[in-house]
Amino acid sequence: MKSVKKAAALLTTILILSLGTSGCWNRRELPSLGIVMGVGMDKNVDSGKLEVTAQLIKTSELNSGSSEADSSGGGGGSSAYWNLQNTGESMFATVRGFTHKSSRKLYWPHNQVIIFGHSLAEEGVLEYLDFFVRDQETRLEVYMLVADDNASDILDFQLKLEKIPSVGISELMESQSANSQTCVTQLNEFVTRLMSPTTAPVAPIIKIEGKGANSELSVEGTAVFKKDKLIGQLTKEETRGLLWTIDKVKSGIIDVKCPDCSGTVSLEITRSKGKITSQIEDGKPSITIEIEEEGNIGDQSCDANLVAPDAIEKLKKQVEKAILEEVESALKKSQKLKADIFGFGEVFHQRHLKEWTKMKDDWDEIFSNLEVEIIVEAKIRRSGMIGRPATPAKE
Amino acid sequence: MILEKGQISSAQLFFLVNCFIQGALLPLNFAYPISKHDTWLAVIAAMIIGSVIALVYISLAGLFPGQNLVQINDLIYGPYLGKFISLQYILFFLMTLSGYLWFISDFVLTFIMPETPISSIMIMFSFICAWAVRQGIEVITRMSVVFSVIPASIVFITFALLLKDMEFTNLLPLFESPPGDLFQSTHIIMHISFSQVLVFLMVIPYVNKQGPSKTPILLGMLSGGMVILVSSIRNIAALGPLSGIVTSPSLEAVRLINIGKILTRLEILVAMAEILLLFIISCVFYYATVLGLAHISKLRTYVPLVVPIGILSIILSLLSYESRMQVSHSIMYITPIVSLYFYIVLPFMSLIVAKLRKLPRNKGRN
Amino acid sequence: MLSYILSKLKFLKLLGQNYKLSQSNSTASKDEKNTTSHLSVSLKNNLDLFKETIGNNYDVVIREFTINMQKQVDAVLIYFAGMTDPKIVNESILKPLMFESQLEKNTLASKLDIIEIIRTTMLSVGEVNKRNTINDIVDSCMAGNSILLVDGCPEALLIMTADWKSRSVDEPKTESVVRGSREGFVENLLTNTTLLRRKIKNPDLVLESMKIGQRTRTNVCIAYIKGIVNPSLIDEIKRRLNNIQTDSILESGYIEQFIEDAPFSIFATVGNTEKPDSVAAKILEGRAAIFVDGTPFVLTVPLLLVENFQTSEDYYSRPYFVSFIRLIRYMAYLISILAPATYVALTTFHQELIPTPLLFSMASAQEGVPFPAIAEAVGMGIIFEILREAGVRLPRPVGQAVSIVGALVIGQSAVTAGLIGAPMVIVVALTAVASFVVPAQTDSGGVLRIVFVSLAGFAGGFGIMIGLIGLFIHLTSLRSFGTPYLSPIAPLSVADLKDAFIRAPLWTMITRPSFIGSQDPKRKDFRLKPSPPSEKESQSE
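Protein chains in written order, with the UniProt record's numbering: chain L, 1 to 395; chain D, 1 to 366; chain W, 1 to 541.
Derived by calculation from the structure, the hints in this document are not laboratory data. Each hint should be verified, as a subset may be incorrect.
[Stated by the list, open to error] Below are the DSSO-like pairs computed for lysine-lysine, each with C-alpha atoms no more than 30 angstroms apart in a straight line:
#1 K163/L - K261/D
#2 K273/L - K211/L
#3 K238/W - K5/D
#4 K36/D - K58/L
#5 K36/D - K338/L
#6 K36/D - K354/L
#7 K5/D - K273/L
#8 K360/L - K261/D
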């Protein structure tokens, strides 16, 4: 019993001492945080220095939407976010420099998007990424994007549905799987590709479409990096070609010509699987891409009866051709850029370790002339709620 | 001279060993930079070699039933040389304890509260350990039953939740790292977890049925090893090459879990598991140090030594380590060599000397 | 430091004084015993002696009368009004002695035999004893017996007439049930033990009685089942009870605090219940119960932590929902001790763990609140305890007013005025409700809540972890009469887990809890799983 007493005494002493002497080190009350929701990096036009835009939320304005409605009748003048800009040499110093301008300390864990300006991306992003990987406040699963022009403009674009642009962008990224025409990239995926000696990092491109009141944010196409420098872009179709290969297609629409007439048939992708295998025959490397796809008929503009077995068979061929074209276009573009966006190099690395050591050094050349066989197998499972289209019966 | 009156069952010993091995979850980080995606192979190798070496310890304990390491040393090497060797061991346990103290505090600092002075975290943590050690081995082992189940289930649950994000091709190609690196990594893993089973020579005598300490220890090592293996596969498959550069792959891997935006930010579970496991490990080393010292100084109870040793270990760890880089360097390149002496050379020597002097039979006649 | 030593010295001095006091006390009592005289032959002397001992009490009745035998004999009946049944006194003692004794006129007897004749032939009362020391007589009188002194006899008759007004057996207030017995213990010891005896109709049920408390002389009764209970447990209980040297035992709580294993622990290691069926179930598991006269709360030992989460009703309902409810109870207890601490840790240390949308609403609710979260948590916790205490003590109609004031002023207005964030009010309310789910641990929960909140405010999640580990160390090292407090969890006993977090069907619980160390571990046959009649049987029918 004596030990309990002693332990209790010791505990209270320690508690009091530590409370009294040191206070609380890491205590940050919620109102003292400047919560960063998005960050954009640009090259300053005048000085050529790094310009970082951090998007903070104004917690006091967050709920004002509802309360203002009853009190002041929706003045709505102030936005719920605040874009803070600072220029500097190094990333960390620039970020710390925000304390000169912000009353609250920047708080990063809830950061949703990292956007690189076009010109900065062309010069290389490596030196700026280290902060996001190293700092304990930042998380690896933030979305990484490249702006068509300046990142700060994107972050300052007031979306119609969301109060905060960064949140809007991150929701936008999450909804992209419906089309699978954007290579949604999280920081960890980007860094993983960056660390590979051969695989080229990719990131989606975001831009402002239109002018003035009618303008909208839109995510389209893919930025291709070589090492850490932006070297080219993929179009929507090429992006999906890439996604087919690396098994990232979740859903989407494939438009094909009707096999019977001139109309268009749209098929919804319900499931897909992409697989890359490597062969080396007589010292000559080659790659086989196998793609399996399943889909439903989603829409048809003609009156042909597509539910007949032979029509389905023809339609399947069309779909396979369409997919093949997408993949081929992506392959062609990447071979032209000499950027291994598919990770073929890693496949060789993993399966053919011995030969790989020889191929590693001039992989760029090998890649640009690599023989790639593409096998596509499409299936059409269902035709929606109707069989034949709802057209006047043919006599 | 019986300093410890507590009795533990062999089932509890199993859980204690299991907990002890699982505790390598976090220190395993030091192996990733060396063997990269082959680390899981190193885990398997370490598990096998470690079990073989553990057999030496177990047979040493089997020769002298009811005697702990300090008493065994006395019996084998005589009172003077034996004391000297025991002192070395105790110093080694103390250093390991202070290393673990530094380690847990560094972990807390890096991931939970970066601006806190390291000493305050150490004091809080070692206070808790001291409390447990005062209660005796019985309480520590009883706690290990719960503390081994929680982290293991966390590892398996996160494994299942991460399946979506895992690329098992990340485990390929096998044996890419040069054999030297692989061996070094194996050795690191062994010396931070499997070989440390040596410390159980201080605990085995208190198992209530003296005979079967072999099965619980080996089973504990294998089951604990399986948990580490699963977690290392999870980390490598989920993180890919990143696992080689991040400070805590387990934490970073679990951070990636995002199931419907609801099950996210589970790294807190991993942090909790780490604290629990490192607590048990620290307690075992703490206990071994204190008990050994009490044996050498012929005290009637080890309780008065608990607080001084705690303070000593805090001071030692503050003095000997200054940065994570230094610690990882020392764990990767220095301690594996030093610990060879304790984990392999001394036990083997003890066993051989004991066999040569035919000690257990003498003991039996007495 | 100096003051500490001084206080220590003072304490020692006090101890010394106490020791002296107790010594002088004991010598005094010895003196008393020495002077205690046996009864004399003279009734007057005896009466004087009695009056001297008992003092000038208004409630003592001294009825002088004459017994009409061969010759008239003076006699005195002494009893305490209110402690005896007047009907027995009038009809069964006074009436036969005063009137019907005339019938026995022809009986020849010496004076010395009168008392024996009265005992054997004239008193129609169940228990009548002869005593001749004044101490015994006074004791017995205090217990409600009537004393009959007869002139010329150096002995007195103690006639069992004890009966006083007591509460009738009622539904217990603290443990109400939906299904199950609605009997609750009352203040009368005999009634209580009878309630138990009626549940267990077995001669092996042993009720051992002793008196504790030098001044109150409270009856205490240990109940156990011979053949199930571990004899060493009974020895230990008796040893601890015999060690109690105190002047008063007013409630079983007194006993509890003198016999518990860990007086400094915030966890009770002695259980209490108001329900006879709970006591019966517990002593059937190999525990022992301690009944104390004057209180409906019966102590049971040893107590395990898991018992706090069990109710008697668990065993009367079907197992599925009960198991779920049990898990809910554990969860509620954890919420009641950890919720405010977790909230403080999350909002002041680990904001990264809050989901982003939730962080938005929490941050905007917290905007403009003047106090740090820890102050809010502690303040609201204290306010809640004030409201609760006020609600408990006040008469019911006023209590409602308190709750309205509390809900409106503290809840609504403080938030509207921007003094407290709305999430904090929710957390505190949730904590408050959760703390009532496990009534047996409400007090430990209250202490732990404050400890955890301060740890969280000081070191965030790490502080909470340290607190939890410390709590676990404490619980693991606790013992209740030799049984590890945390069993069957640590030390682990898989068989006993059937009745810890879940409640397995009764037919699977074949053995008694192993850690209590029952002499007869098996409590039922293992082939008791009910099933529809097998085909063979139905054919034969």
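Structure-based check of all given hints:
no.: 1; hint: K163/L - K261/D; verdict: holds (20 angstroms)
no.: 2; hint: K273/L - K211/L; verdict: violated (40 angstroms)
no.: 3; hint: K238/W - K5/D; verdict: holds (26 angstroms)
no.: 4; hint: K36/D - K58/L; verdict: violated (43 angstroms)
no.: 5; hint: K36/D - K338/L; verdict: holds (28 angstroms)
no.: 6; hint: K36/D - K354/L; verdict: holds (18 angstroms)
no.: 7; hint: K5/D - K273/L; verdict: violated (63 angstroms)
no.: 8; hint: K360/L - K261/D; verdict: violated (40 angstroms)
Consistency note: the structure conflicts with the earlier hints numbered 2, 4, 7 and 8.
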